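Quick note, the sequences are listed as chains D and G, same order.
For the first sequence, counting from 1, position 119 maps to 119 in our numbering; every step adds exactly one.
For the second sequence, counting from 1, position 116 maps to 337 in our numbering; every step adds exactly one.
Just so you know, the hints here were simulated from the structure itself, not pulled from any lab data.
These numbers were taken from a predicted model, which means no experiment stands behind them.
Don't take every hint at face value.
What the hints assert, rightly or not - In silico BS3-like pairs for lysine-lysine, Cα to Cα no more than 27 angstroms straight-line: (1) D:Lys16 with G:Lys678; (2) G:Lys678 with D:Lys221; (3) D:Lys145 with D:Lys170; (4) G:Lys757 with G:Lys503; (5) G:Lys515 with G:Lys503.
Claimed, not checked - From chain D, some residues computed to sit far from chain G (all C-beta separations above 12 angstroms): (6) Arg105; (7) Val111; (8) Ala189.
Virtual Cβ for every residue (Gly too), placed ideally from N, Cα, C.
The primary structure of each chain is shown beneath.
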Amino acid sequence: MPAKAAFFDVDGTLVKTNVVHVYAYYAMNRGSVLGIAGRTLSTAVSVPLFGVMDVVNRKTFNEFFYRYYAGLSEDRLVTIAQDMFEDVLQPALFEQSQDLIDQARRSGCRVVLVTGALDFTMRPLARHLGVDDMIANKMQFVGGKATGKVIPPIIEGANKANAIRAYCVKEGLALDQCHGYSDSASDYAMLAVVGRPTAVNPDMRLRSIARAYNWPILDLK
Amino acid sequence: MRPFKTLQKLYDEESQVVITEKGSPPRALFYGEGFLQEDLPVGTRVIFPRPPMAGVPNVKAAIRWAINHPEGMEPLHALLKPGMRLTCVIDDISVPLPPMVTPDVRQSILEVVLELAADSGVDDIHLVIANALHRRMTEGEMRRMVGQKIYDAFYPDRYYNHDAEDPDGIVALERTSHGEEVSVNRRVAESDLIIYVNVNFVPMNGGHKSMGTGVSNYASLRHHHNPKTIRESDSYMEPKASALYKSNERIGKNIDKHLKVFHIETSLNNRMFGAPTDFLAKKEEDYTEGDRLKFQAMRYALSKMPRAVARKVLSAVPAPYDVTGVYAGATEPAHQKTLETSWKQYVVPVEGQSDIVIFPIPFISPYSVNSILNPLLVQVMGLGYFYNLNRGVPLVKKGGVLILLHPAYDEFDPEHHPSYIEFFNRLLPETRDSMKLEHKYEKEFAENPSYVHLYRKGNAYHGVHPFYMWYWGENGRQHVGKVIVAGAENNHVPALMGWDRTDTLTEAIEEARGFMGRSATISLLRIAPTVMVDVK
């Protein structure tokens, strides 16, 4: 039996947050106490905008959004990531996410998260879920400070499919035996590239795609 | 004295076998969610179900008598001890078909048993549905099966579906002498006493199959749910001719060695239709003008409805079965009694096999309750169940033709049958060979985490279930020379199944005669309700 993996998108698939929540958390916990009020206000204004941008174009959104990390030190980001996991991600985990991951492992799959979020923000979640690997965006750091730029290629949309394909080649996995899980039609490429795609909590577009292609539809909510 | 001719007529009216004559009325035949009215060629042998046997006059009294006079075991009250751990394992919604008018006989049994248990100081009681790899029953279905009072008292913590994929919920017992794995639900395995609550709808149910299959898992089931065992089973309905039964027997004996199981088996008559559709159980010769009118009205109305609506309408009519017997005690002696009653109700003796056999396929199967009879289930009804409704030899000759009446639509229920969709669209175009399917794909489907999740958390059949459905038709497939689906509304479903198709039954009979010769003999099994043949 060839080695295989299960690739899980995170936002909306395993947790009911999306990357905007993560940004909001960082924005509100970035610096001095005095600055928090102002930033919270500006965040409150910008988050809906980001929400719209996220729907329109995930790539533009990511590029724009990660600029806000510029100047923050790596250890600070990692510390906030841990808090953010406890405050935001863990409570937002779908009840059955862990079951699904455990089931994938029992069926002999290596479990890999594939996410457009930054790797340090997802690491505590990955540890918590007990996954084997993670394909995520990586922030560029110079002298221990974030530049606000993401090391290309940015993991989103079609690039998720490329990253999965490259990962399988590197790790010697049979792509047609691999499973893919996502909630969003923007991840159609990621689902189409694996042999065994599944729509999880799908949006309307993905639901209709899944029906057209006879992909299983799971509801973890 | 009456003239001989009149006596002959009376005798014929009582017989369940009618030979079509020139003036015979057209037959009312199931055709998926609708009905056909068809004239059959002169000489066609039409086999009707027996009339319903009389039910026991007082079901609860019969249950009490059975548990106080069990076969090969002490009476139930003597087995109940204060503080003991008791588990009632219950047959799932796959029987009877259609579901029975409430109160379901399972409710009646539980009402008696739970009261007795309470009086005996037993309060650690769980109710586990023996759904094996079938879909989980929904809350509404569970409530209907046991009644509101029991449901309120036990659901959800102490009344639930068996989960064959719960990693902590299964216990492995010792293997059988043939190396078969024996796995049982953990709560069941750790109980001091198990009461199996059975509804015996066909002779294949009950006995060792109840525990050996119902609360087991894939690792155990694959030892008999496989193409080899199915090929070696001459009839599923006759224990001595069934390799499937023998494997279940070995597994069941192992279970009986380790666990204390008190079976309560019930047999039902075949009163499948109440008013206003009771005419469906009659011979067409006996239809009144009112019956004919009702049939035409129903046929017309169903043909004008969208299929989903027709399905809802038909599913909404429960069956007024009567309980014909209650037997309790040890697995084998209790089941033997059930089998005797079951055969008495269902078996019709017939003379000789036929070259061509016609099976009208109704809208329902054990695997499509409140759902859709998808193409794989049409296949299992024809080549699996109906083909096997016999003792001795099949109704159709070796190399003969089976004609199935069904629209054979390409429709699936993604909630109940998700893995069927992949099996049908991905695997069948590659091969129909059961051995190859088992070897190459079974494990992949069984372990697919998405299908496992849908089985455990949704209401989906286990990922491996479509394979079992395909294997189920295996001995039928090996036996017949040709299958024709008459009235198929498309070409691709019959093509994928390896069947011929025709628009009408008349064309199908013509084609079958072309294959078997002009003098080919024809039988029609007028089902439902259930009928089995004893071919002499």
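Quiz item: Does the structure break any of the earlier hints, and which numbers would those be?
Solution: Per hint list: 3, 6 and 7 violated.
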